[in-house]
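In order, the protein sequence lines correspond to chains F and Z. 361 is the number that the numbering used here gives the last residue of the first sequence; the numbers go up by one with no jumps. 361 is the number that the numbering used here gives the last residue of the second sequence; the numbers go up by one with no jumps.
Rather than coming from a laboratory, the hints here were simulated on the basis of the structure. Any given hint could turn out to be false.
Where chain Z lies over chain F, by a calculated footprint (3+ residues, C-beta under 8 Å) [what the hints assert, rightly or not]:
no., segment
1, 31-40
2, 88-100
3, 116-122
4, 185-199
5, 251-262
6, 277-291
Glycine is no exception: its CB is placed at the ideal position from the N, C-alpha and C atoms.
Protein chains: 2
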Amino acid sequence: MAAGPSFPTVDTPAVLVDLDRAEANIDRFQRYCDEHGLKARPHIKTHKLPSLAKRQLQMGAVGITCQKISEALAMVEGGGIDDVLLTYNVLGAAKLKELQRLAARVRLTVVADSEPVVDGLASAFTDPAKPLPVLVECDTGAGRCGVTTPEAAAALAQHIDRQPGLTFQGLMTYPPKGDAAAAADWLARAKAACEAVGLTVTTITSGGSPDIWQAHRWKDIVTEYRPGTYVYFDRSLVDRGVCTWDDCALTVLTTVVSVPTEHRAIIDAGSKVLTSDLLGLDGHGHVLGRPDIVIDQLSEEHGRLVSQGPIGLRVGDRVRIVPNHACVVSNMLDHVVTVRGDRIDGPLPVAARGLVW
Amino acid sequence: MAAGPSFPTVDTPAVLVDLDRAEANIDRFQRYCDEHGLKARPHIKTHKLPSLAKRQLQMGAVGITCQKISEALAMVEGGGIDDVLLTYNVLGAAKLKELQRLAARVRLTVVADSEPVVDGLASAFTDPAKPLPVLVECDTGAGRCGVTTPEAAAALAQHIDRQPGLTFQGLMTYPPKGDAAAAADWLARAKAACEAVGLTVTTITSGGSPDIWQAHRWKDIVTEYRPGTYVYFDRSLVDRGVCTWDDCALTVLTTVVSVPTEHRAIIDAGSKVLTSDLLGLDGHGHVLGRPDIVIDQLSEEHGRLVSQGPIGLRVGDRVRIVPNHACVVSNMLDHVVTVRGDRIDGPLPVAARGLVW
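Between the sequences and the hints, there should be enough to build the whole structure, so can you do that?
In structure tokens, the structure reads:
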């Protein structure tokens with residue numbers, strides 16, 4: 005892929021978001037979902053921008069996914085968002101109060117994977133006329149949160165069903181890497197276990213951009229899909245064959261600040277912009293137009309570019325980088341610079357940056 | 005080390021800074037410098053807090069070190085700071101204008117490692133009556149920025165000396181890991197090369213917290229030392245024997261949100277708080293009071309804790325973590341919570357967070 009425009013009026017380092025590409029990515033996934041009768045519920049963690057969340061809904065998404073209450077509230081403040089799934093165990097009086105505030109503003113669904121989490125939700129949501137929908141989070145192999153057997157899923161579903169102010173809505177998972185089939189099988193068994201005790205499983209929601217174009221294979225069991233990274237894509241997803249460099253909507257614009265040797269150059273973006281996320285890859289990003297270059301080292305404010313051949317860069321040159329992991333880059337700066345091709349659209353505050361509560 | 009107080013009124017995840025410990029770390033290093041006749045010039049990247057920068061100066065530091073103009077301006081806005089060394093190649097009209105603004109407010113020294121950088125500085129600083137002091141950045145083995153030979157250092161020093169609005173002040177390096185002796189030898193040769201062409205080398209500045217207690221060994225050549233991490237210390241420096249857990253002033257307070265198995269628990273701090281920096285260590289931080297636990301995986305909002313023995317944690321429990329790398333954690337949230345032992349002092353905005361220009 006070519007190096008792309010270098011936007012000489014934009015001070016570096018800067019995070020560029022090509023809106024043409026982001027919108028094309030949103031639209032393409034929505035068409036895919038529409039074709040296959042899947043519901044799309046994008047995870048906003050990747051862009052953290054109310055304007056792109058609105059675009060996702062306008063194109064046909066049934067709602068958005070957030071992982072933290074504060075991120076959801078930042079999205080809702082942006083306007084135009086009326087349906088949120090919060091895929092995170094909420095605990096403690098302070099957060100439950102915020103959750104009530106969120107529930108008053110949107111159709112809210114939450115998750116739980118243990119009785120203490122359900123009991124906390126039940127203490128804050130007590131109105132049988134307006135019960136809070138709760139999904140059981142299932143560990144289908146990824147080994148993070150979630151009940152670990154289909155039987156435990158059904159037991160927790162019953163516990164939810166017994167709470168007057170809650171209603172059991174279905175199942176949620178983040179599938180293990182490269183084994184969406186195993187996850188679907190796990191979910192089918194959990195659904196059967198729930199139905200065997202008389203419960204209705206309305207929603208089964210799965211996620212992850214790596215399997216985005218395979219989601220239809222399990223549409224008989226999975227009703228809804230929650231990808232995040234697909235809106236921007238990134239180096240990790242090019243590496244996995246999910247997209248091309250030309251689909252990548254988020255890039256980091258940097259300036260070469262030092263060329264100490266024939267084979268080494270230093271740029272003004274380090275881990276404070278690119279982050280240290282490797283996602284199993286070698287190096288810290290892809291330099292557009294320069295596949296020979298490896299970003300082999302980051303410190304906070306510097307990135308080191310090395311090449312076996314001549315580095316061929318001068319002090320003051322600009323390079324654009326597709327990061328390993330787009331989501332985490334969105335979280336690093338207060339603003340991104342939106343562009344459309346070679347035209348600058350403007351700085352845009354990242355509304356949900358740095359929100360962890 | 006014990007688990008420490010869990011501050012039940014502080015919502016998690018939160019970055020806690022124990023001011024008693026930070027002040028003790030500042031004071032101890034200053035005493036060390038005073039004993040050995042070394043100048044201290046702390047790097048503020050670790051705390052990004054004007055109040056701690058002021059403490060460092062009050063105890064005897066000759067000034068502060070910043071890597072970006074925006075960080076320096078954030079410190080100066082805080083008041084009480086009058087001497088700044090900017091250890092970063094400044095390039096481009098926009099940044100040179102900001103640099104002029106900074107120079108108008110403090111005694112400023114900058115660095116350069118190439119003629120284009122010197123020429124940019126010379127275009128912005130033209131007053132022979134008030135020349136801008138410039139140090140030559142030297143690559144003494146770390147392989148990042150810097151001229152690569154003592155002879156190149158002397159040649160660039162001469163180029164600086166020829167600019168009417170600049171004055172050659174000396175040499176700056178970040179030494180290679182574990183080889184401060186080689187760096188000192190390199191600097192001695194560069195100093196000799198500068199003196200051989202008739203230049204005076206007033207300042208020779210080195211840095212790095214890993215060698216903080218060895219700095220006196222090279223005091224005949226190195227005049228000034230720029231450690232950053234020592235103000236908080238962290239897991240990487242405990243691992244290298246530079247400090248103990250009881251010296252670590254920055255911890256991350258987290259809540260256990262899921263305990264899916266006997267050997268696994270999930271906390272509400274992931275890479276958005278702890279970052280993915282490994283610094284060569286296994287795992288993503290040290291759980292205070294639980295040396296058996298490994299934080300073996302981070303996603304953005306979750307940290308996975310595993311133990312060979314029983315994990316022994318319940319949903320809702322709190323744990324405190326010493327991160328691998330304190331500096332990068334300071335950059336993740338808008339506020340830290342300052343404490344003194346088991347007493348909460350208050351939230352404090354991180355003035356220089358997210359500033360990369």
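Now the hints, each set against the structure:
1. Using a Cβ-Cβ cut-off of 8 Å, 0 residues of the segment 31-40 of chain F lie near chain Z, which falls short of the minimum of three, so the contact claim is violated.
2. A count of 6 residues in the segment 88-100 of chain F with a Cβ less than 8 Å from any Cβ of chain Z is obtained; the coverage claim is therefore met, three being the minimum.
3. Residues of the segment 116-122 of chain F lying with their CB closer than 8 Å to a CB of chain Z number 4, which satisfies the three-residue condition for coverage.
4. Counting residues of the segment 185-199 of chain F whose C-beta lies closer than 8 Å to any C-beta of chain Z gives 0; at least three are required, and the coverage claim is violated.
5. With a cut-off of 8 Å between beta carbons, the segment 251-262 of chain F has 3 residues touching chain Z; three or more are needed, and the interface restraint holds.
6. Coverage of the segment 277-291 of chain F by chain Z holds. Counting CB-CB distances below 8 Å, 5 residues qualify, and the rule asks for three or more.
Hints 1, 4, counting from the list given before, are not met by this structure.
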